[in-house]
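Since chain Z is already given, all that's left is putting chain V on it; use the hints.
Those protein sequences? They're chains Z and V, same order as listed.
As numbered in the working numbering, residues 1 to 138 make up the first sequence, in order.
As numbered in the working numbering, residues 1 to 346 make up the second sequence, in order.
Calculated from the structure, these hints are not laboratory results.
Only true hints are included.
Once the Cα atoms are required to be at most 25 Å apart in a straight line, the calculated SDA-like pairs of lysine to any residue come out as:
id: 1; chain 1: Z; residue 1: K22; chain 2: V; residue 2: F88
id: 2; chain 1: V; residue 1: K76; chain 2: Z; residue 2: D55
id: 3; chain 1: V; residue 1: K293; chain 2: V; residue 2: F275
id: 4; chain 1: Z; residue 1: K3; chain 2: V; residue 2: T89
id: 5; chain 1: Z; residue 1: K4; chain 2: V; residue 2: E5
id: 6; chain 1: V; residue 1: K279; chain 2: V; residue 2: E190
id: 7; chain 1: V; residue 1: K76; chain 2: Z; residue 2: Q45
id: 8; chain 1: Z; residue 1: K4; chain 2: V; residue 2: G154
id: 9; chain 1: Z; residue 1: K134; chain 2: V; residue 2: R15
id: 10; chain 1: Z; residue 1: K4; chain 2: V; residue 2: A131
id: 11; chain 1: V; residue 1: K45; chain 2: V; residue 2: I299
id: 12; chain 1: Z; residue 1: K3; chain 2: V; residue 2: G90
id: 13; chain 1: V; residue 1: K75; chain 2: Z; residue 2: Q45
id: 14; chain 1: Z; residue 1: K3; chain 2: V; residue 2: G95
id: 15; chain 1: Z; residue 1: K134; chain 2: V; residue 2: N14
id: 16; chain 1: V; residue 1: K213; chain 2: V; residue 2: G187
id: 17; chain 1: Z; residue 1: K22; chain 2: V; residue 2: G95
id: 18; chain 1: Z; residue 1: K74; chain 2: V; residue 2: A108
id: 19; chain 1: Z; residue 1: K3; chain 2: V; residue 2: K37
id: 20; chain 1: V; residue 1: K42; chain 2: Z; residue 2: D55
id: 21; chain 1: Z; residue 1: K3; chain 2: V; residue 2: N302
id: 22; chain 1: Z; residue 1: K4; chain 2: V; residue 2: N302
id: 23; chain 1: V; residue 1: K75; chain 2: Z; residue 2: G83
id: 24; chain 1: Z; residue 1: K22; chain 2: V; residue 2: P55
id: 25; chain 1: V; residue 1: K37; chain 2: Z; residue 2: D55
id: 26; chain 1: Z; residue 1: K22; chain 2: V; residue 2: P84
id: 27; chain 1: Z; residue 1: K3; chain 2: V; residue 2: P84
id: 28; chain 1: Z; residue 1: K74; chain 2: V; residue 2: R99
Here are some chain V residues pointing at chain Z (derived, C-beta under 8 Å):
id: 29; residue: N14
id: 30; residue: R16
id: 31; residue: N27
id: 32; residue: A92
Backbone N, C-alpha and C fix where the C-beta goes; we use that ideal spot for every residue, glycine too.
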Amino acid sequence: MEKKIRVLVAKVGLDGHDRGAKVLARFLRDSGFEVIYTGLHRTPQEVAMAAVDEDVDVVGISLHSGAHLALVPKVINYIREYGGNPDEMLILVGGVIPTDDIVELKKMGVDEVFIPGTPISEIVEFIKKKLPEKRKKK
Amino acid sequence: MNAEEVVEGLLSGNRRALARAITYVENEYPESKEIMKHIFPKTGKAHVVGLTGFPGVGKSTLVSKLTEEFRRRGKKVGIIAIDPGSPFTGGALLGDRLRLDGMDSRKALWTDPGIFFRSMSSRGRAGGLAAKTGDVVRLLDAFGFDVILVETVGAGQSEVDIIEVADTSVVVMMPETGDEIQVNKAGILEIGDIYVVNKADLGGAEKVERWLKYMLSLDEESVQMLSQMTHADEAKVASGEFFERRKGWSPPVIKTVADRGEGIKELADAIEEHFEYMKKSGLIEKRRRERVKRELFEIVMNDVIKLVKEKTNYRDLIMKLLKGETDPYTAAEQIVEEVIHNAGKG
Chain Z
1 MEKKIRVLVA KVGLDGHDRG AKVLARFLRD SGFEVIYTGL HRTPQEVAMA AVDEDVDVVG
61 ISLHSGAHLA LVPKVINYIR EYGGNPDEML ILVGGVIPTD DIVELKKMGV DEVFIPGTPI
121 SEIVEFIKKK LPEKRKKK
Chain V
1 MNAEEVVEGL LSGNRRALAR AITYVENEYP ESKEIMKHIF PKTGKAHVVG LTGFPGVGKS
61 TLVSKLTEEF RRRGKKVGII AIDPGSPFTG GALLGDRLRL DGMDSRKALW TDPGIFFRSM
121 SSRGRAGGLA AKTGDVVRLL DAFGFDVILV ETVGAGQSEV DIIEVADTSV VVMMPETGDE
181 IQVNKAGILE IGDIYVVNKA DLGGAEKVER WLKYMLSLDE ESVQMLSQMT HADEAKVASG
241 EFFERRKGWS PPVIKTVADR GEGIKELADA IEEHFEYMKK SGLIEKRRRE RVKRELFEIV
301 MNDVIKLVKE KTNYRDLIMK LLKGETDPYT AAEQIVEEVI HNAGKG
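Chain Z on its own, in the form it takes in the complex:
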């Protein structure tokens, strides 16, 4: 049986804008993924433990608060602390992210950043293309 791709869609920090995350979750479902949605206001620890326990292939973090440079690396570090391997996962970030910060986030281990206006099909294609490459590396 082919392994189903599991995706965690997470809202981190003090940011109440969840429509994007919900639409994404729905579209990923329609694209054949198993999607776990965390709901609003999760801490980096909560998201990381969910990613490990649910054994997801993709962690999608949505932020519109401007705290991405502070929170995203924390999620990645906690995944490692809880015994998970973020290098095996695709770490994606979505939200209002300035161009300079996209470079920073990628240095921190983020695989791709999707800004508002990105067609969702592009995200789906990215996951389908990049995940097998990541899995090979481990």
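This is chain V only, laid out in the frame that chain Z set:
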């Protein structure tokens, strides 16, 4: 992680290994058989509690509040939450985890080492459970959880598979979901060891409670009827198990307001009492014997079908069936003979 690493990690309390084991089992990886063989002897200690009911009655919120209550009582809690997977795209939106919020401090539940929460897709399967739910329950059991809560797909009227994995089945209802005829229909309302009327702060909760109690009292009468039957009659009652479950245990009806935590202590008490009753009465062995038998037959069935595919000329027989040269019963007899004849040969 190979099978050995997963087993070793799982039995020594490594969450990552448990998470991986579930993935292997759920996706039927080759490693899964090896894993299940090794962990089986470590199972049988946990109390498996199933929650079922219509979509939106508050199962996930009850699971969350029950988890908090059992943690307060010093128990470690494993949770399997099943949501529907699309039979068309294979996709699923697993939205039970987001309800995991305690009364005291919601953060504690998400990162509490005494709690393990896993979302599963039903992957298009009917019945309210995912195909591998039984094996995943065993993994959590072997890991050392005291209570395992299994939340079914928000089910309709006949999603009764939960009794195949649970020691205690909790059926959750709410006001305004129909009249007493709904309550008297066959299906999920026959399987409860405990009934919950959630959202009891809404109008009409007493009515549902009354109907449920009425329905359950009718059931006691049918048990009495059964006891007056002759042996010949008794053999004719096909669903004997349902009656047996009820003897000596009157399913309580408990009103809750889950999001405010009302009635949760009473519900947790009832769940623990039922487990004690099951152990004392010996019913638990009986139920578990049935479960093991069913699982064994299922595994044997799969293995036999694999043998048929590998070792018989079933394709020829299918062609003959299409041409009308044989019938399915004769073909099946031929296949069984072939399997028995060829099975021993490498």
